[in-house]
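These protein sequence lines are chains A and B, in that order.
Just so you know, we're using numbering that gives the first Met the number 0 here: the first sequence kicks off at 0 and counts up by one.
Just so you know, we're using numbering that gives the first Met the number 0 here: the second sequence kicks off at 0 and counts up by one.
FYI, nobody ran anything at the bench for these hints, they're computed from the structure.
Computed cross-link-like contacts, DSSO-like style, restricted to lysine-lysine with a CA-CA straight-line distance of at most 30 angstroms:
{"#": "1", "chain 1": "A", "residue 1": "K82", "chain 2": "B", "residue 2": "K12"}
{"#": "2", "chain 1": "B", "residue 1": "K89", "chain 2": "B", "residue 2": "K22"}
{"#": "3", "chain 1": "A", "residue 1": "K7", "chain 2": "B", "residue 2": "K96"}
{"#": "4", "chain 1": "B", "residue 1": "K19", "chain 2": "B", "residue 2": "K82"}
{"#": "5", "chain 1": "A", "residue 1": "K19", "chain 2": "A", "residue 2": "K82"}
{"#": "6", "chain 1": "B", "residue 1": "K49", "chain 2": "A", "residue 2": "K7"}
{"#": "7", "chain 1": "A", "residue 1": "K96", "chain 2": "B", "residue 2": "K7"}
{"#": "8", "chain 1": "B", "residue 1": "K96", "chain 2": "A", "residue 2": "K89"}
{"#": "9", "chain 1": "B", "residue 1": "K12", "chain 2": "A", "residue 2": "K22"}
2 protein chains.
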Amino acid sequence: MDIVEISKVLSNKTRVNILKWLKNPEANFPSHQDIDHFDDGVCVGYIQDKTGLSQSTISTYLNSMQNADLVIPTRHGKWTYYKRNEQVIKAYVESLKHDL
Amino acid sequence: MDIVEISKVLSNKTRVNILKWLKNPEANFPSHQDIDHFDDGVCVGYIQDKTGLSQSTISTYLNSMQNADLVIPTRHGKWTYYKRNEQVIKAYVESLKHDL
DNA sequence: AAAACATATCTATATATTTAGATATATAAA
DNA sequence: TTTATATATCTAAATATATAGATATGTTTT
Numbered sequence: 000m001d002i003v004e005i006s007k008v009l010s011n012k013t014r015v016n017i018l019k020w021l022k023n024p025e026a027n028f029p030s031h032q033d034i035d036h037f038d039d040g041v042c043v044g045y046i047q048d049k050t051g052l053s054q055s056t057i058s059t060y061l062n063s064m065q066n067a068d069l070v071i072p073t074r075h076g077k078w079t080y081y082k083r084n085e086q087v088i089k090a091y092v093e094s095l096k097h098d099l
Numbered sequence: 000m001d002i003v004e005i006s007k008v009l010s011n012k013t014r015v016n017i018l019k020w021l022k023n024p025e026a027n028f029p030s031h032q033d034i035d036h037f038d039d040g041v042c043v044g045y046i047q048d049k050t051g052l053s054q055s056t057i058s059t060y061l062n063s064m065q066n067a068d069l070v071i072p073t074r075h076g077k078w079t080y081y082k083r084n085e086q087v088i089k090a091y092v093e094s095l096k097h098d099l
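Based on the provided sequences and hints, a complete structural model is requested.
Structure representation (structure tokens):
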């Protein structure tokens, strides 16, 4: 739980948006083709489409978010799904509340 | 209350430390020469000494923190005192709690 | 009014972040 | 087992941030 590292992730509008969108995938993304739920989050392609940024940029963003433990990736066939790590997000906010 | 702008401030260890130190000036800084309280916060020089960074760097940091509304400056003679803006800090944490 | 002091701003350099194109890798489909 | 698809990594260029020295500004003191 590194406040500085997580704050770096949050210091970019697109990454903040991704986290917000993943809070409610049904409302923000199309359904997946292979599975009928969002239990493991949303695939990279959908996130890329929604942001309008390049595939490599989004992959890099998701990687930085994963390094900060803010999201959890799950591989399903050729897709990688990303979901929020609610525990860490909650711990970060609590940490700010107490320490900051 | 701009989440991205505030997160940028918090994405640097020194700036986070400054905010933490200002939470309890009595414990973290020497007494001021001209006044016997910390009601308006701490002067730039003391903050600079504590960080060990250059005067211009600290001035730039404090300016960015002020632009993000995280601190409030007050001029007392030739000194500028900086104190936390508790309202904005609280609003930011609440905002993360609800929106993030 | 001059000198001294605290802080802010300017200028410049080093490092980091942003972003995308090209390429590599992993999996699925034909 | 070749081809197509999804994602990750590499490379590079543009922009932003970090940092300090030099200079400017505002205030106090002499």
